[in-house]
Each structure stands twice: as C-alpha cells, then as structure tokens.
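Participant: Just so you know, the sequences run in chain order A, B, C and D. To convert, note that position 364 of the first sequence is 364 in UniProt numbering; the numbers rise steadily by one, no gaps. To convert, note that position 159 of the second sequence is 159 in UniProt numbering; the numbers rise steadily by one, no gaps. To convert, note that position 286 of the third sequence is 286 in UniProt numbering; the numbers rise steadily by one, no gaps. To convert, note that position 324 of the fourth sequence is 324 in UniProt numbering; the numbers rise steadily by one, no gaps.
What the hints contain is simulated information worked out from the structure, not anything from laboratory work. Careful: at least some of the hints might be erroneous.
Below 25 Å or equal to it, Euclidean Cα-Cα: the simulated PhoX-like pairs (lysine-lysine) are [said to hold, decoys possible]:
(1) K390/A with K220/D
(2) K3/D with K390/C
(3) K220/A with K390/D
(4) K220/C with K220/B
(5) K3/B with K390/A
(6) K390/B with K3/A
(7) K390/B with K390/C
Keep in mind it's a predicted model, so treat the numbers as computed, not measured.
Below are the chains, spelled out letter by letter.
Protein chains: 4
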Amino acid sequence: MAKTVVLAYSGGLDTSVALKWLQVEKGYEVIACSVDVGQQEDLTEVRARALATGAKIAEVVEVQEEFANEFIARAIRAGALYENRYPLVSSLSRPIISKHLVEVARRYGADAVAHGCTGKGNDQVRFEVAIRTLAPELEVLAPVREWGFAREDTIDYGLANGVQVNANRANPYSIDQNLWGRAIECGEMEDPWNSPPSDIYAYTVPHGSVPDSVVIGFNKGVPVSLDGEEMPLYLLITRLNAIAGSYGIGRIDMVENRRVGIKSREVYEAPAATVLLEAHRQLEDITLERELAHTKIELGLQWATLVYDGLWYSPLRMAFDAFMEEASSVVTGEVRVRFSPNGFVVDGRRSPLSLYDYELATYARADTFNHLDAEGFVKIFGLGLETWSKRQGRVQP
Amino acid sequence: MAKTVVLAYSGGLDTSVALKWLQVEKGYEVIACSVDVGQQEDLTEVRARALATGAKIAEVVEVQEEFANEFIARAIRAGALYENRYPLVSSLSRPIISKHLVEVARRYGADAVAHGCTGKGNDQVRFEVAIRTLAPELEVLAPVREWGFAREDTIDYGLANGVQVNANRANPYSIDQNLWGRAIECGEMEDPWNSPPSDIYAYTVPHGSVPDSVVIGFNKGVPVSLDGEEMPLYLLITRLNAIAGSYGIGRIDMVENRRVGIKSREVYEAPAATVLLEAHRQLEDITLERELAHTKIELGLQWATLVYDGLWYSPLRMAFDAFMEEASSVVTGEVRVRFSPNGFVVDGRRSPLSLYDYELATYARADTFNHLDAEGFVKIFGLGLETWSKRQGRVQP
Amino acid sequence: MAKTVVLAYSGGLDTSVALKWLQVEKGYEVIACSVDVGQQEDLTEVRARALATGAKIAEVVEVQEEFANEFIARAIRAGALYENRYPLVSSLSRPIISKHLVEVARRYGADAVAHGCTGKGNDQVRFEVAIRTLAPELEVLAPVREWGFAREDTIDYGLANGVQVNANRANPYSIDQNLWGRAIECGEMEDPWNSPPSDIYAYTVPHGSVPDSVVIGFNKGVPVSLDGEEMPLYLLITRLNAIAGSYGIGRIDMVENRRVGIKSREVYEAPAATVLLEAHRQLEDITLERELAHTKIELGLQWATLVYDGLWYSPLRMAFDAFMEEASSVVTGEVRVRFSPNGFVVDGRRSPLSLYDYELATYARADTFNHLDAEGFVKIFGLGLETWSKRQGRVQP
Amino acid sequence: MAKTVVLAYSGGLDTSVALKWLQVEKGYEVIACSVDVGQQEDLTEVRARALATGAKIAEVVEVQEEFANEFIARAIRAGALYENRYPLVSSLSRPIISKHLVEVARRYGADAVAHGCTGKGNDQVRFEVAIRTLAPELEVLAPVREWGFAREDTIDYGLANGVQVNANRANPYSIDQNLWGRAIECGEMEDPWNSPPSDIYAYTVPHGSVPDSVVIGFNKGVPVSLDGEEMPLYLLITRLNAIAGSYGIGRIDMVENRRVGIKSREVYEAPAATVLLEAHRQLEDITLERELAHTKIELGLQWATLVYDGLWYSPLRMAFDAFMEEASSVVTGEVRVRFSPNGFVVDGRRSPLSLYDYELATYARADTFNHLDAEGFVKIFGLGLETWSKRQGRVQP
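Given the sequences, and given the hints that come with them, work out the whole structure.
Facilitator: If you want it as structure tokens, here you go:
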C-alpha cells in the first residue's frame with residue numbers, strides 16, 4: 001500500500017513537478033496543501049492544478065488572520081529586522097505553513113511532509129526544523145533538493161511527465177510573497193553591482209496617492225487602528241501595503257547572510273512592514289524606559305536572527321517573547337506617519353503612558369529639573385575614568 | 001592675582017553671557033576658545049565678539065580635518081547610530097572640542113575650563129567627563145548650569161552687563177551644527193505630537209539637483225572617494241552634505257533617551273551621515289563574514305551608546321575600536337547610491353575582497369553548491385530542538 | 001508640628017546616632033523600622049534600643065519568607081552573580097527593606113524615609129532609587145551621608161548626645177548579613193594585597209560535619225527540597241548555610257566595581273548561595289536547550305548588574321524576569337552535591353524533563369546518531385569560513 | 001599512483017585502525033603525524049607504532065611552546081570558559097594540530113588530511129573547519145566517522161588486519177589530554193546521575209603538598225612568573241599543574257552542549273587552567289575599568305563559544321582578540337593564590353597599574369570622596385525610574 005505525503009503546494013513550476021515526481025519516482029500518494037498567507041493568488045485555481053497533476057487530495061488553508069495575529073504581531077513587537085534591515089518576509093511564513101502541513105498530515109494520517117525548497121537556501125532549514133520539531137514522527141522529503149535539477153531540467157522533466165508547465169523560460173526571477181512583503185531574487189541581480197530592473201516590483205509601484213498621512217494606533221505593541229478606525233491586523237496591513245506602496249515606500253536592496261554559509265542578493269518590497277516597524281519604534285521611544293529600550297533593541301536583533309534561521313519553534317524564541325510581551329505592556333498610543341514620494345517620516349507620537357515629561361525636558365521656565373543635581377551626577381559618573389586617567393594614563397585619540 | 005579660565009565660546013547668547021559672568025561674578029580672566037568643527041560660521045567675527053565681551057585672549061582652532069579623520073571616521077567604521085537612528089552629531093564634536101580646550105588651557109597655564117551647557121542635557125556630561133579624564137588637574141566650570149537662568153533671564157543679565165546680545169527673543173530653537181549634521185530642539189517641538197515647523201531646516205532644503213547617483217569608495221571602512229575622485233574625508237562629507245541635502249535626505253525626527261534620565265524630542269539633519277552609514281553597511285554586507293557582521297552590529301550599538309554618554313576617552317571605546325579596526329581591514333570597495341526626492345537607495349556594491357560568490361549563490365547551472373550536504377546540515381542543526389520537542393513538549397504558537 | 005521620618009534601623013552605631021541626629025539636628029519625630037531579612041540578630045533588643053534612643057515608634061518587620069520567595073528565588077532562577085562572582089547579598093535585601101520602609105511610612109503618614117548609608121557605597125543608590133520609585137511623594141534623607149563624620153566623630157557625637165554606644169573603637173570591620181550571605185569590609189582588607197584576617201568569618205567556620213552529600217530538589221528553577229524533604233525556601237537556605245558553612249564553603253574574596261565609580265575590596269561568606277547557584281546551573285545544563293542556555297547566561301549577568309546597581313524596581317528587571325520565568329519552566333529535577341573540606345562538587349543531576357539523551361550521546365552500540373549527517377553539517381557549517389579564506393586570505397595564528 | 005594522506009595519529013586504537021583502513025580500504029599512502037601538545041606520552045614509541053602499522057612516513061611535531069604562547073595565552077587573556085565552566089582543553093588543541101597537519105601535507109605534497117574523530121563529537125567540526133579554512137585545496141577524510149564501527153567492531157577489524165591492538169576491551173573511557181587539561185568521558189559517566197569513578201583521575205591526585213601558596217605574575221594578561229621566577233608559559237603551566245593537581249584542584253564535572261545538537265557528560269581535570277583563569281580574573285578586577293570589565297566578560301563568553309565550536313580560524317576570533325589585546329594592555333601585576341585540600345582562594349592581588357584607590361575606597365579619615373556629589377548622582381541616576389513610576393505605575397514585586 002502506497003505511503004502518503006503532504007506537499008506544500010504553491011502552483012508554481014517546482015512544486016508542480018515535485019507533485020508528479022513524488023508519485024512517479026517515489027511511489028507516494030500526494031496530498032497537495034496550499035496555505036493562504038496573503039500571497040494574493042487564486043488558490044482555487046492552484047487547487048485545480050494540483051488535482052490535474054495527480055494530487056489525491058488538494059487542501060487550501062486560509063490563515064491570513066492567524067498569520068497576522070500570531071506571527072507578524074510578534075515580529076512587530078520584537079521590532080524584528082534581520083541584519084537591521086530585512087523584515088522577515090518569508091522567514092515568518094515558513095513556520096505557520098509548516099504548522100498547517102503537520103495538521104493536514106495528522107488529519108489524513110500521512111507518513112511524510114514535503115517542501116519544494118532547494119538545498120542552498122534558508123527555507124529548507126525553516127521548513128524542516130519546524131516540521132521535525134512539531135512532529136518528530138513524520139518523515140520530511142525535499143524533492144527539489146534531492147533531484148538536483150537546474151531550472152531547465154525541471155521544465156524538461158515536467159513536460160516529459162505531463163505536468164502543465166506554464167513557466168516562462170525567459171522569466172529569470174524567483175519570487176515569494178505574502179501579507180508581510182515580497183522577495184525577488186535571481187536574474188541579473190545575482191551580480192550585486194547591478195541595479196535591480198525597474199519592472200520587477202509589484203507591491204511598490206508609485207502613483208500619486210491620498211492620504212498623505214495616516215495615524216496608526218497601537219495597543220501593547222501591536223497595531224490596532226488606522227486614523228482611529230479599529231480593524232484586524234491582517235486588514236490593517238493590507239490597507240497600509242496599498243497606501244505606502246503607492247508612494248513607492250518599502251523597497252529594500254541588500255546582500256544578506258544566509259544560514260547555510262553563503263551570501264545572497266535579495267530585493268524586497270515591504271511597504272506596510274517598513275512603515276509599521278518604524279512607527280512602532282517611535283512609539284516605544286516615548287513609552288519605554290531607557291535601559292529597557294536599549295536591551296530590547298539588542299534582543300530584537302537576536303530574535304530576528306533566530307527566526308531567520310528557522311528556529312521559530314524553540315524555547316529561546318518563547319522566552320524572548322515573554323520578555324517582549326512584558327516590555328510591550330506599555331506600548332500603547334498613536335503615531336502619525338507622513339508620506340511623500342519615495343519616503344516617509346514619523347512626525348508625531350503620543351501615548352497616555354508616555355514617559356516624555358514636558359516639565360523635565362523643556363528649557364522654558366516651566367523647568368522642574370534640578371540643574372545642580374547634575375553637577376554631582378557628572379562627577380560621580382566620570383569618576384572611574386578620572387581614576388583610570390590618573391593611574392594608567394592611556395588616554396587616546 | 002586672577003585665575004584664568006578657558007571658555008568654549010560659540011558666539012551665541014549663552015556663552016557670550018557666560019564670558020561676562022565669569023569675569024563679573026567669579027573674577028576670572030577669560031580665554032575664549034572657538035573650535036571650528038565645520039559649523040559654517042564666521043569664526044573671525046566670533047573671535048571679535050569674544051574680545052569685545054572682555055576676553056583676554058580669543059583663540060580660534062581649526063579642526064575639521066582632525067574631526068573627520070579621528071572621530072567621524074571611527075563612527076562610520078563602527079556603524080554608529082544611537083538607538084539605531086541618531087548619527088551622534090553633537091556627541092562626536094564634544095570630545096574633540098574638549099581636547100582642544102585642554103590644549104589651550106595647558107598652553108596658557110590656565111586654572112580651569114568652562115563650557116556653556118545647562119544641567120539637563122548630555123553635553124555637560126560629555127564635556128566634563130572628557131575634560132576631567134584628559135586633565136584631572138583642571139577645574140571645570142559650568143556657568144550656565146550654575147546660574148540657573150531661564151532664557152529671558154540670560155538676555156536680561158547680558159543687557160544689564162553690556163553684552164552685545166543679538167538673540168531674537170522670538171526665536172525659540174536651540175541649534176548645534178557641525179560637519180556631521182545639525183541638531184534642532186525646543187519651541188513647539190517640545191510636544192512630540194507636533195510636526196516640526198517647515199522653516200527650521202538648513203542642511204536639507206530640497207531643490208532639483210544633479211547628480212542623481214554617486215559612487216562612494218571606501219578603504220578599510222572609511223570613505224575615500226566620490227565617483228572615483230579621492231579626497232580628504234572632511235571634504236567628501238562637505239560635498240555629500242550638499243548633494244544629499246539637495247534631495248531633502250537625512251532628516252531624523254525622534255524622541256531620544258538622554259544620559260541624565262529624561263526623554264527629549266530632537267530633530268536632526270544629517271545628509272552625508274545618513275548616506276555614508278548606509279553605504280558603509282552595504283559594503284560590509286559583501287565583505288564581512290556572517291558571525292563577524294552580526295557581532296559587529298551589536299558592538300556598534302554599544303559603541304554608539306558609549307560615545308553618546310560622553311565616554312569617548314575611555315578604555316572600552318579604545319578596545320571597541322581595536323575590534324572595529326581589525327574587522328574593517330577588509331571593508332574596501334565601492335557602493336553606488338541613487339538619489340530621488342526624499343529618499344535614496346544603495347543599488348550596487350562591489351569589492352575586490354567580496355565574499356559574495358556567484359558560483360555558490362546562483363540558481364543557474366553554474367551552481368557548485370552540494371545540495372545534499374544541506375540535508376545532513378539541517379538534520380544536525382535542528383537536532384537539539386527535535387530532542388526538546390520529544391522530551392519537553394512545550395512547542396508553542 | 002514636627003515632621004515624621006521612618007528610619008531603617010539596624011541597632012548599630014551609625015543608625016543609632018542617626019536616630020538621635022534626626023531628632024536633634026533636623027527636628028524630626030523618628031519611627032525606627034527594623035526589617036528581619038535573616039540577619040540573625042535579636043530584633044527585640046534592637047527595638048528596645050531604638051525606643052531608648054528616642055524613637056517615637058519602633059517597628060520590627062519579619063520578611064524572611066518573602067525575602068526568600070520574591071527576591072532570592074528570582075536571583076537563583078536568573079543565576080545571578082555580579083561580575084560572575086558576587087551572589088548579591090546586600091543588593092537583594094535593599095529593595096525589600098525599601099518596600100517595607102515605604103509601607104510603614106504610608107501606614108503612619110510619614111513625610112520622609114531615612115537610611116544610614118554613606119555617600120560612597122552602593123547601598124545609598126539601592127535605597128534611594130527604590131524608595132523614590134516606590135513612593136515619589138516621600139522625601140529621602142541620608143543623615144550619615146549628610147553629616148560626613150568619620151567613624152570616630154560618629155562615636156563622639158553619639159556619646160555627647162546620650163546615645164548608648166557599644167561600638168568597639170578597635171573593631172574596624174563593616175559587616176552586613178542576611179539569609180543569603182554576609183559581607184565584610186574595611187580594616188586591613190582595604191589593601192587588596194593583604195590576606196583577610198582569619199577571625200572575621202561567621203557563616204563559614206569549618207568543623208568536621210555530616211552529611212557529606214545532599215540532594216537538592218528544584219521546581220521550575222527554584223529549590224524546594226533537601227534530600228527529598230520539601231520545605232520553604234528560607235528554611236532550606238538556613239539549613240544549607242549550616243551544612244555548607246561547616247565545610248568552610250562559600251568564601252569569596254574580590255575587588256568589585258561599585259556603581260559610584262570606585263573599586264572596593266569585599267569579602268563575602270555565602271555558603272548556601274554558592275551551593276544553590278552551582279546546583280541550579282547544573283540542573284539547567286540538562287534541561288535547557290543550547291541556545292536558550294547560552295542566552296540565559298548573558299542575560300543573567302545583565303540581571304545581576306542591574307540589581308547590583310539598585311534597579312530592582314524597574315521595567316527591565318521585570319522583563320528579564322518574564323524571560324527567566326519562561327525559560328525556567330522546565331528546570332525541575334534533582335542535583336547531588338558532595339562536600340569535602342573547602343570544596344564541593346555536583347556529581348549527579350537528573351530530571352524528568354532532561355534533554356540529555358543516552359541513545360544520542362553514547363559511543364556504545366546503542367548509538368542512534370547518524371554519523372554521516374555530520375559530514376554535510378560540518379561542510380555547510382564551515383562554508384562561510386572556507387569562502388573567507390579563499391577570498392580574503394587573512395587567516396591568522 | 002597512490003594518493004597520499006596525512007593522518008593525525010595518536011597511537012590509540014582508533015587512529016591505529018584508521019591508519020590501516022586508509023591503506024586497505026581506500027588505497028592511500030599514509031603519513032602519520034603526531035603532534036606533541038603536552039599529552040605526556042612517549043611519541044617516539046607512538047612513531048614506531050605508526051611505522052609498524054604501515055605508515056610510509058611518521059612525523060612527530062613538538063609544539064608545546066607554540067601551543068602555550070599562541071593559543072592558551074589568548075584563552076587566558078579572553079578569560080575563556082565555555083558555558084562559564086569548561087576551559088577549552090581539547091578545543092584549543094585542535095586548531096594547532098590542524099595547522100601542523102596542513103604544514104606536513106604541504107611539505108610532502110599530500111592530497112588529503114585525515115582525523116580520527118567520530119561523527120557525533122565536536123572535534124570533527126574543529127578539525128574539518130580548521131583544515132578547510134587553512135587549506136581549501138586539501139581533501140578531508142574522516143575514516144572513523146565513515147566506517148561507523150562500534151568500539152568492538154574496531155578492535156575486530158584491527159585484529160583481522162594485523163594492527164597491534166593493545167586496547168583493553170574492559171577500559172570504557174575515552175580520554176584526551178594536553179598541557180591545558182584532561183578530558184574523560186564514557187563508561188558509567190554516560191548516566192549523568194552517576195558519580196565519576198574515583199580511579200579515573202590523573203592530573204588531580206591529591207597528596208599533601210608544598211607550597212601552600214604561590215604568587216603568579218602577569219604581563220599584559222599573560223602569566224609570566226611563579227613566585228617571582230620568570231619562565232616560559234608552557235613550563236609555568238606544567239609546574240602549576242603539578243602543584244595545584246597535588247591538592248586535587250581543577251576537577252570539573254558537567255553536562256555540556258555540543259555543537260552538533262547533543263548534550264554530553266564530561267569530566268575534566270584542569271588544575272593550572274582553573275587557577276590561572278581565576279588569578280587572571282582577579283588581576284583584571286583591579287586593573288580594568290568597570291565598563292570595560294563588564295563588556296569583556298560578555299565577549300569572553302562569546303570567544304569561548306566560538307572556539308568551542310571550532311571557529312578558531314575566523315575573522316570574528318581575530319577581531320575579538322584585537323579587543324582582548326587592547327583591553328589587556330594594563331593587566332600586569334601579581335596575584336597570590338593560597339591552596340588547601342580541594343580548594344584554593346586568591347587572597348591578594350596588586351599591580352603598578354591598579355585602579356583600586358585607597359583614598360577613595362576607605363571609610364577611614366583619609367577619605368577624599370565627596371559624599372555630597374553622591375546625592376545629585378543618585379537623584380539623576382534614578383530619575384528615569386521615578387518618571388516611569390509616576391507615569392506607568394507598573395512597579396512589581
């Protein structure tokens with residue numbers, strides 16, 4: 001009796017050929033599973049393609065709301081930017097997709113789970129570590145890594161095996177997109193000196209747009225409203241993607257360090273992510289105490305690396321999130337973002353819990369700060385260095 | 001016989017009144033010392049004003065080149081942004097000004113050094129810690145902190161004592177500027193919800209501009225050329241301030257955490273700093289090994305906090321710089337910056353020492369990466385979490 | 001009408017003289033408050049001395065159990081050792097004493113709180129920051145810092161004002177002790193090259209002792225039993241102080257960095273703390289996943305510095321504790337400690353949640369580890385350095 | 001024509017069988033290379049055994065002095081303890097052995113390098129990453145990992161192929177030793193609840209001993225003398241191993257986290273390492289400024305993890321060492337260590353560059369510290385928390 005595998009199915013070339021290959025070369029019955037993380041594709045059509053390619057069952061799972069509330073919200077709270085720049089677009093979707101692959105596998109009593117990642121990227125790490133952690137009893141298959149085809153070979157194998165291949169041999173880009181952003185790689189961008197082609201963008205196509213500013217409301221570190229209108233996070237992100245994207249905001253062009261030891265050139269579009277992370281940080285500026293704020297920046301960097309590396313389901317991520325949740329309990333308030341073509345600024349922030357104290361900060365007569373306390377403070381604060389200078393005399397440039 | 005004090009003299013209201021106050025109230029002979037860190041003021045005129053206000057001697061010290069090479073260059077190499085955003089405009093100038101105040105004091109055998117800072121800001125800390133570390137034998141005076149006048153009182157004292165006061169009572173802003181940027185505070189900005197007034201900017205006044213892109217060359221982490229033309233760093237910064245400023249690039253609006261325990265709203269203009277720090281980081285992306293790159297980001301944050309807090313002359317800063325110098329030995333190459341109104345992107349970077357390896361990174365047939373090694377890698381990489389899941393079963397969200 | 005102050009009263013020279021001084025020099029009515037944190041003194045007698053010295057009211061507050069459960073337990077969970085060595089003996093007692101001083105002040109409607117610390121130590125920082133944070137409306141007085149007496153002057157002032165002074169002018173040591181340990185400073189130890197005198201110890205006086213080993217049980221990172229017998233933490237610590245102290249275990253001789261910029265020689269005795277922190281760490285070794293364990297060590301150091309610096313009541317300490325609590329949810333099990341004169345080892349640890357996996361770790365035939373996966377792992381793990389070597393060729397020593 | 005491999009040869013069972021196996025199964029000509037890192041074995045005899053087992057060439061390389069000066073000295077300077085406890089005994093020897101394997105391979109024009117490590121330990125990572133980084137052109141072979149024999153199989157293969165096997169089937173321990181310590185694993189210790197057998201120790205066999213104290217001199221963070229007698233570091237370590245070992249000092253019993261995702265029980269003996277690291281730290285206590293000292297502790301932990309993980313030859317280790325070298329420039333002075341059975345204390349430390357300042361630290365009348373400065377210091381230092389308490393009111397336990 002044939003074993004069953006649940007395949008993460010996107011409808012693209014690689015997973016379509018994988019769907020066939022698992023049947024032909026490995027003798028599996030395949031359950032295709034397509035997870036809607038906001039990639040803006042017609043998953044009904046994707047489902048039909050799966051069945052046409054021989055899937056025994058084709059599941060479509062809608063998780064946009066869960067993705068926003070359980071994954072993106074934590075990333076915002078943590079202020080997560082890998083290498084201080086990448087808002088973890090694909091890194092965040094892999095663990096939730098893995099979770100649902102495992103759920104489908106358990107529902108149908110499947111023996112294995114398969115993904116369509118190659119052997120040189122991060123996503124294989126994210127999928128496999130997540131799946132093995134969630135379900136150590138399931139086998140994990142990686143057909144694309146195993147067959148080792150170049151792109152042309154994949155097309156040829158697909159054509160030879162009756163896969164409906166609508167891949168354009170001339171389209172050289174590899175794309176992954178979801179609610180939180182869009183990643184584009186390959187083609188001429190593989191030379192990091194080349195400018196990205198102007199026609200690759202989809203989330204950030206500038207056109208004159210209104211409104212020119214928006215007020216974002218946060219509750220405990222999570223966005224909850226736009227211009228005073230409360231809405232679910234996934235919807236808020238969708239709207240903000242449209243607004244900020246229309247100004248061309250949120251393009252990121254970088255060479256990043258993959259977990260597997262190689263550098264890769266990546267271009268991202270993440271309009272809502274870019275704006276929300278900056279707005280969140282500005283709200284933290286008025287609500288977090290200094291030492292907490294500084295430590296949170298460092299732990300946020302570590303959080304981002306951990307999740308980038310595929311370690312979402314890990315006790316360290318959970319402990320970091322306990323820190324972040326406690327820290328974020330006061331990050332409630334509003335931030336005003338002002339857009340202009342190609343750029344935006346936060347030019348206002350306020351909170352009922354603000355630690356900004358006009359009476360202390362002002363240089364006007366309202367001033368309540370005791371200037372003379374500062375004299376003692378500065379002397380003691382510098383005392384260790386004064387001793388250092390006297391004793392070791394190594395003061396340099 | 002009267003004691004002598006060297007006063008850091010800017011020519012503004014506070015230090016002009018201080019110059020008089022130190023004579024009248026404290027009986028000092030005053031040596032005014034004005035240090036040119038690129039603040040674009042006529043220091044000849046400032047010097048004349050000092051003498052007119054009773055300074056026994058008025059020194060003008062030109063340090064732009066030293067400021068760029070010994071202070072700003074280290075900040076670029078460290079990637080220094082306080083709280084991930086502020087490029088340390090005033091923080092960097094205080095230690096070099098302190099150094100020259102001490103030199104002047106020693107040259108003339110003065111007894112004390114004085115600065116014009118209030119008791120609630122960071123600059124008093126920077127000046128006093130630096131001066132006491134460089135010259136524990138000198139007394140440090142802080143007339144503005146000591147007299148405790150509000151702005152109006154200062155003007156009145158000045159008028160009453162024959163100080164040539166050209167302060168505009170209506171101008172509510174406090175400004176500090178140098179080669180590396182410009183800081184504006186006070187006025188209506190003291191409410192962090194208010195947008196900054198549109199007329200406060202000087203370094204970032206947008207007007208249609210050429211060129212629309214520039215290639216910045218770096219050697220060991222320090223900028224050395226623009227579009228292939230080598231030039232001293234202070235000149236390179238001056239030119240880039242003009243170019244990037246003409247696109248309105250480099251405005252920063254934030255609430256920051258001062259060392260003395262209060263939050264303050266600050267608006268900065270730092271066109272060259274903003275562009276150079278991003279370009280430098282992008283060059284690091286292709287030249288620094290992953291673990292080094294990640295650690296350097298964390299130490300760069302600590303470097304920035306240390307210098308922000310006034311601890312430039314300290315053994316920790318020196319040890320950090322030894323780390324940064326060693327790490328930066330390979331950060332040599334070129335970065336292309338493309339400007340548009342209100343924004344810019346780095347869209348190309350290259351280096352003879354680049355660790356980006358096309359053969360490893362590409363998905364085309366040139367690929368030399370062994371995809372199957374990855375299978376073993378991922379299994380071992382996730383082994384600890386697999387055990388965790390089996391034994392502790394605490395996998396969450 | 002006289003204002004009222006609550007004085008932290010230990011019964012020693014400084015606070016006895018302070019009790020009088022506050023009445024005589026400042027005109028306060030004084031409420032003496034003695035907090036029992038396990039210092040093993042007769043507080044009934046202390047109370048009587050307070051009343052004899054003019055206290056209007058003398059309160060004795062018993063907090064040993066709260067001290068153990070709310071303060072020491074968190075320190076154990078965090079693995080807190082300041083500068084990797086000092087178990088925070090006095091640092092932990094100051095915040096709980098401050099809390100009860102504030103409670104007493106509020107109960108009696110007092111106007112101020114006073115402590116007996118000098119101006120050069122850490123304890124003034126701990127008391128004042130805690131009190132101002134807990135009760136910004138209360139004034140804080142520091143008579144010992146304010147009067148600036150040397151020890152002899154204090155004795156003279158006391159004698160002259162009818163204070164019952166039983167201080168031995170020849171006893172040069174300053175001592176603070178509680179449940180968690182004992183601190184001894186001053187005298188000939190002020191030269192860090194001198195050995196501590198042999199007669200200064202009280203908690204660690206070696207004498208042949210049974211038992212020679214003990215099994216300590218932990219639940220979620222907190223000690224709960226000795227040799228299988230469950231008991232409250234404060235009692236467990238008391239017993240372990242006796243056992244380990246009888247072997248001479250727990251002496252710490254160090255020069256530490258105070259918050260106020262000076263170095264001081266300190267000798268501590270902390271038998272239970274030394275044993276419990278090591279036992280706890282050993283239990284973590286088998287229950288914490290690697291990345292979590294490593295991060296927790298770094299945050300534990302930061303926790304210790306924060307608390308040492310007097311910042312117990314702070315949002316960063318609370319966020320760290322949320323991290324520690326989540327991380328510690330699996331730190332349950334038993335540790336066997338074996339004593340010998342002057343030393344001890346942990347030579348056994350076990351847990352129902354242990355991540356130690358015999359099948360994976362053994363070199364015997366039971367081995368289930370796939371050795372060949374390791375080949376791929378090592379190649380990918382070192383790939384970045386291989387590229388570094390090829391491209392940058394900077395391999396050194 | 002046969003290819004040539006350089007085998008790291010210890011003379012033990014595994015590498016003796018590997019020597020034969022590489023000839024028989026792989027057709028290599030084998031050059032045996034035995035590196036003397038202070039393992040106290042007769043390498044002349046080891047060399048003879050290599051030749052008797054078919055080695056074409058057998059090299060013995062004496063590197064004790066280089067090992068001490070270039071590797072151990074850096075570990076001491078960094079204060080390196082993996083997981084705050086393990087002084088990196090084997091971790092430090094692997095990179096120097098790798099370096100000499102590569103040198104021998106290049107001298108003889110060999111094609112490959114081989115080591116005798118299994119697939120589940122750290123040493124395979126350390127050897128292979130080091131060798132590939134030092135010589136990307138050389139193949140790396142891991143016969144023991146490849147053949148996958150259990151211990152009994154190895155013995156049988158050896159006997160069947162004429163290898164002189166003097167392994168005792170009953171001796172269940174795996175041992176690695178060098179100048180810096182000795183590691184013992186396996187046998188009944190594979191259950192972490194079992195006490196180590198009493199007969200496994202060699203470096204720490206207690207017997208009444210003189211002297212009972214020793215003064216260790218350091219220069220820039222590196223030990224240079226014992227009781228005033230200057231000597232090379234490797235000799236100093238050898239002597240101190242004898243002295244401290246005779247008191248039974250330096251036993252470490254722990255469960256550690258290997259790089260390959262498993263936990264293992266390890267017992268170490270490291271008398272000199274234990275004493276020198278503590279003495280070094282105590283000297284740092286009086287010579288390093290506070291902020292530098294605290295940062296150095298954190299970076300030292302990271303240094304230790306990096307080297308434990310096999311990343312000695314890496315740009316991050318080099319940058320860390322630049323930090324450590326700069327920081328250590330003042331760590332010069334003397335430390336007195338006092339031994340007792342099973343334990344030792346540092347009870348004196350002094351330095352011409354000491355930052356300990358009697359005038360500041362003393363409570364006697366010599367006191368020069370201005371106690372009143374402290375009042376202002378404490379107020380400003382706690383100001384942020386006071387504001388936090390007033391505005392957010394979240395003060396807890």
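Participant: State for each hint whether it applies.
Facilitator: To see whether the hints hold, each was checked on the structure:
1. K390/A with K220/D: At roughly 19 Å apart (the allowed maximum being 25 Å), K220/D and K390/A satisfy the hint.
2. K3/D with K390/C: Holds, at about 24 Å.
3. K220/A with K390/D: 19 Å, holds
4. K220/C with K220/B: 50 Å, violated
5. K3/B with K390/A: Holds, at about 24 Å.
6. K390/B with K3/A: 24 Å, holds
7. K390/B with K390/C: 41 Å, violated
In the structure shown, a violation is registered for the earlier hints numbered 4 and 7, in ascending order.
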